[in-house]
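Residue numbers (the numbering used here), protein chains in the order written: chain A, 1 to 265; chain B, 1 to 265.
Among these hints, one or two may not hold up.
The list makes no distinction among identical chains, and a pair is therefore deemed to hold if it is satisfied within one copy or across any two copies.
Capping the alpha-carbon separation at 20 Å, the derived lysine to any residue pairs in SDA-like fashion look like this [as the list claims (entries may be wrong)]:
1. K72 to G190
2. K81 to A177
3. K189 to E138
4. K72 to Y257
5. K189 to T137
6. K233 to L168
7. K189 to P20
8. K72 to H62
9. K189 to E49
10. K151 to A180
11. K173 to V105
12. K173 to A26
Think of the hints as simulated: they come from the structure by calculation, not from any bench.
There are 2 protein chains.
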Amino acid sequence: MKLSEEQLQQFDELGYVMLPDLFDPAEIAAVTADLPRIYAMDRPEVWRESTGVVRTAFAAHHYSEPFALIGKHPRLVEPVKQLLGGDVYIHQYKINAKAAFDGDVWQWHQDYGTWARDDAMPEPRAMNIALFLDDVTEFNGPLWIMPGSHKQGVFEAGHDLATTSYPLWTLDKQTIAELANTHGIFSAKGRAGSVLMFHSNIVHASSPNIGPWGRTIVYLSLCHVDNHIRQFKREEWIAHRDFTPVQSAPDDCLKSYAAGQVAAE
Amino acid sequence: MKLSEEQLQQFDELGYVMLPDLFDPAEIAAVTADLPRIYAMDRPEVWRESTGVVRTAFAAHHYSEPFALIGKHPRLVEPVKQLLGGDVYIHQYKINAKAAFDGDVWQWHQDYGTWARDDAMPEPRAMNIALFLDDVTEFNGPLWIMPGSHKQGVFEAGHDLATTSYPLWTLDKQTIAELANTHGIFSAKGRAGSVLMFHSNIVHASSPNIGPWGRTIVYLSLCHVDNHIRQFKREEWIAHRDFTPVQSAPDDCLKSYAAGQVAAE
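Go ahead and model the full structure; you've got the sequences and the hints to work with.
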């Protein structure tokens, strides 16, 4: 449940760590089984692309039992507590669907840029841990990150309200070109069950998904409890206002949940 | 200048052949040096994305000396003559720019589907040979093709006038999903100077380019002279009406051209 010295060093230098196959297929199946129910929901947390397919289901830990377990799973929460140095709360919880054919672009941005500007989060003592619910390949819009770009603080950004259905503070082309030519781009691919941890200041983006394979990733944005947001401009289900420390569930919580589902059938 | 038995067999089975590094950097530089002049042209052949950047420069062999040499280069023309079994003419000549940040999607389609429907080309005795003018990577919208999909003839298609600035006969999602699950997808990547040959019935697409690196590919669509188009609905500079057989230039034509350019400076 803890990162190794080598992983800590990589995170510091490059701003990300991949943890391949951290969850097994049975655990992933227990979670994805609830997706059709969630995607069919007509509620504001379930945000749609301009074509109508789901782009993001926010705060699914509030209305889904397996996704609630993901939100306190020790394999996700403990490494973040280790990196941030203490208790954390859930600042944001997203299921990003990136549907086959229709999943739209996520423009180049930094997450902390948005959290600072929109939510008045004091420092970048918060970060994402992303769990792949599908195999992520070059063909379904993987996350592209610029290794090392987290070392340069928050870049200037513009509030892009036009490109997609979701408003985002995005970086300009010249900055992206300079960063890419300096740092290159890492494409975060891996089997379902793999996990990517990345620094909240790392610059990243992802292409539209024009292929026939969906690409669902759960993003758990955890923030040190002392570093909670100060401004409540966005919906509560986008930027949470409950700063209660996450208590990790048992490591086998998804297995137990799945066994309970089978028993109930 | 001729494909090997192994390459012919691969083309038959998979519908494509990659020829890595077929042109050297000096030859590519001689050609790309003329791109800024072409992209700045205000003429109908230079088709723009909705953002204004160039999407495709059609028929550049008519207004660019180095691109005219590409249009009759023996390393491109002779393998196609070999595959199509005789003399060929240029049915279409495209420089597809796929500009950094703004290069838009090419939806899933078959080229012969368009040539048959729009131009009344009798048979798929025509094909593309694509020359990479930039390094093509996973980060700048490479061509994705479905190996073996050329064996199933022309699929039903709809005329998509909305997605991009360029009308295209595109396949439906169910067909694409079935083909991808059967055949998989091949991403045609390679250094500048590499060449991809592909069957006119192969199903292919390419993602938008959200990255900071441009991706220019020249597509030479060559048709057997006996198989020339019968219907002249599209502009002459999109679907040519001059069925004169291409006469291959000398193999060193780009080197000679470059030497002449240097001498003239």
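Outcome of the hint check:
no. : hint         : verdict
1   : K72 to G190  : neither (22 Å within a copy, 43 Å between copies)
2   : K81 to A177  : neither (33 Å within a copy, 41 Å between copies)
3   : K189 to E138 : both (7 Å within a copy, 12 Å between copies)
4   : K72 to Y257  : within (14 Å within a copy, 66 Å between copies)
5   : K189 to T137 : both (5 Å within a copy, 15 Å between copies)
6   : K233 to L168 : within (14 Å within a copy, 43 Å between copies)
7   : K189 to P20  : within (9 Å within a copy, 25 Å between copies)
8   : K72 to H62   : within (12 Å within a copy, 64 Å between copies)
9   : K189 to E49  : neither (23 Å within a copy, 30 Å between copies)
10  : K151 to A180 : within (14 Å within a copy, 40 Å between copies)
11  : K173 to V105 : both (15 Å within a copy, 19 Å between copies)
12  : K173 to A26  : neither (42 Å within a copy, 29 Å between copies)
Of the numbered hints listed earlier, those contradicted by the structure are 1, 2, 9 and 12.
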